[in-house]
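K.L.:
We have chain A; now place chain B onto it with these hints.
Order-wise, the sequence lines are chains A and B. Numbered according to the working numbering, the first sequence terminates at residue 732, and the numbering increases by one at each position without gaps. Numbered according to the working numbering, the second sequence terminates at residue 1588, and the numbering increases by one at each position without gaps.
If you are wondering where the hints come from, they were derived from the structure by calculation, not from laboratory data. Beta carbons: idealized from backbone N, C-alpha and C, even for Gly. You may find that some hints are simply not true.
Only part of the chain B face toward chain A is listed, based on derived beta-carbon distances under 7 Å [stated by the list, open to error]: (1) L1464; (2) G1469; (3) P1471; (4) P1472; (5) V1498; (6) K1499; (7) V1502; (8) T1506; (9) I1507; (10) N1508; (11) P1509.
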Amino acid sequence: MTAPSPEPALEADGLGMRFGRSWALRDCSVSLPAGAVVALVGPNGAGKTTLMHLVCGLLRPSEGRVRVFGEDADSGSSEALARVGFVAQEHPLYRGMTVAELLRMGRALNPRFDRGLAELRLDGLGIPLNRRAGALSGGQQAQVSLALALAKRPMLLVLDEPLANLDPVARRDFTRTLMSAVAEDGVTVLLSSHVIADLEAVCDRLVLLDHGAVRLDGAIEDVLAAHRMISGPREAAADMPGVVRAVHSGRHSDLLVRAGAEAELHPVWQEHHVGLEELILAYLENPVVTR
Amino acid sequence: MFRFRLDGRSGVPPYLQLVQQVRQALLLGYLRNGDQLPTVKEVVGGLTINPNTVVKAYRQLENEGIVAAKPGQGTFVTAEVEAVAPGDHARLRRSLERWVRDARGAGLDEETVTALITAVWNDVRAEGVA
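If we strip away everything but chain A, and leave its shape as in the complex, we get (with noise of 0.2 Å):
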């Protein structure tokens, strides 16, 4: 693995993105470090998509800028271009070329395109490379995909919803390639997913996007760390600052509250761990509290 450069893979400052007179994205700010592989999360018309494209370079911010890897990810540039890999939702391919005919090209519009790397990739996964691309099942269109992306050599790899509509195994083998590629190049992804489960173990930030604003930003392990999930009596609860999610039953209420370890609780209340994805869900369900 390449030893993380201190500058940012991904710094977006006061970006919004705004479509006729709707926000899809606004005042998102946000800093990724290189090396790190970041879990974009929130509901459909959060806004996930439309920071990707922006990133990409694919639109153009209506206010703030993005940049990585410290240029403007707008600039049109054939460097900045090259530093980004992009698989977008489905992973769209020529469904009638083959694909040796997918990676030919792929050469020819990259300049620093790998083809080799691509084929020994798929060699190893055991995807022919004359069948036409249509003709390859939907976890074996996905690895090509993937296999296109990294084979430009991208610093910064984006994936929309790489996992969605894969089944179980093929979902399997995707992230494990891209964890290989991550070891092995160093590579900074950043994906997008609706499937919390098995986040955990794949990524190590995450962002928490909701109607086009950023709820959370940072280490997973620190955004756990920051959160505790308690249980007791229900009069007590009233008074319980930062409270994220409450539910109530009886004269019993359980609480996701936002306070770290130092934080002294009182004895009534018993504390619970808490799971990457309840705290995501009790942020989504939860919409009135901001950060």
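P.N.:
Below, chain B without anything else, positioned relative to chain A:
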């Protein structure tokens, strides 16, 4: 070669699971001084885990003096230590066995036993703090 497992439902952070498995394997004698741990790439390929997580676990094990990285060769177990002295280990195990038999006899299942141990552990630890 030592193999790691990953339990997605345990609630323990993945890097800590790896650290604990090495510590436990040492304690149980599955890993010994001089044994090689799998490379980061091998762990990533086997578990579908973020390589940064593996690197972090190995770094912590290094800091604890349990393993050492030899450049170009890999990561090796260097610890001789047993976390619990053999005599204490055997004595504690015997008294726990008695207790677990008692608990089973009283009709407690594994979940209840684990919950009870956690509760007592927390109480005793709180005593020490207060």
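K.L.:
Just to be careful: measuring from the Cβ of V1502(B) to every Cβ in chain A, is the smallest value less than 7 Å?
P.N.:
holds, 5 Å
K.L.:
Do the numbers back the hint for G1469(B), that is, is its least Cβ distance to chain A under 7 Å?
P.N.:
Hint holds; G1469(B) Cβ to chain A Cβ min 4 Å, cut 7 Å.
K.L.:
Taking the closest Cβ pair, is P1472(B) under 7 Å from chain A?
P.N.:
With a minimum Cβ separation of about 5 Å from chain A (threshold 7 Å), the hint on P1472(B) holds.
K.L.:
Is the hint on T1506(B) kept, meaning its closest Cβ partner in chain A is under 7 Å away?
P.N.:
holds, 5 Å
K.L.:
Against chain A, with CB atoms and a cut of 7 Å, does the hint on K1499(B) hold up?
P.N.:
Holds - the Cβ of K1499(B) comes within 7 Å of chain A, reaching about 5 Å at its closest.
K.L.:
Against chain A, with CB atoms and a cut of 7 Å, does the hint on L1464(B) hold up?
P.N.:
holds, 6 Å
K.L.:
At a threshold of 7 Å, is the proposed contact between I1507(B) and chain A supported by beta-carbon distances?
P.N.:
Cβ of I1507(B) sits 5 Å from chain A, so the hint holds.
K.L.:
Hey, does the V1498(B) contact hint survive, CB to chain A under 7 Å?
P.N.:
The hint holds - V1498(B) has a Cβ within 7 Å of chain A, the shortest such distance being about 6 Å.
K.L.:
Using Cβ atoms only, decide whether N1508(B) comes closer than 7 Å to chain A, and label the hint accordingly.
P.N.:
Because about 5 Å separates N1508(B) from the closest Cβ in chain A, which is inside the 7 Å limit, the hint holds.
K.L.:
Could you check if P1509(B) really has its C-beta closer than 7 Å to a C-beta on chain A?
P.N.:
holds, 4 Å
K.L.:
For the hint on P1471(B), does the least C-beta distance to chain A fall short of 7 Å?
P.N.:
This interface hint holds because 6 Å falls under the 7 Å limit.
In this structure, none of the earlier numbered hints is contradicted; all agree with it.
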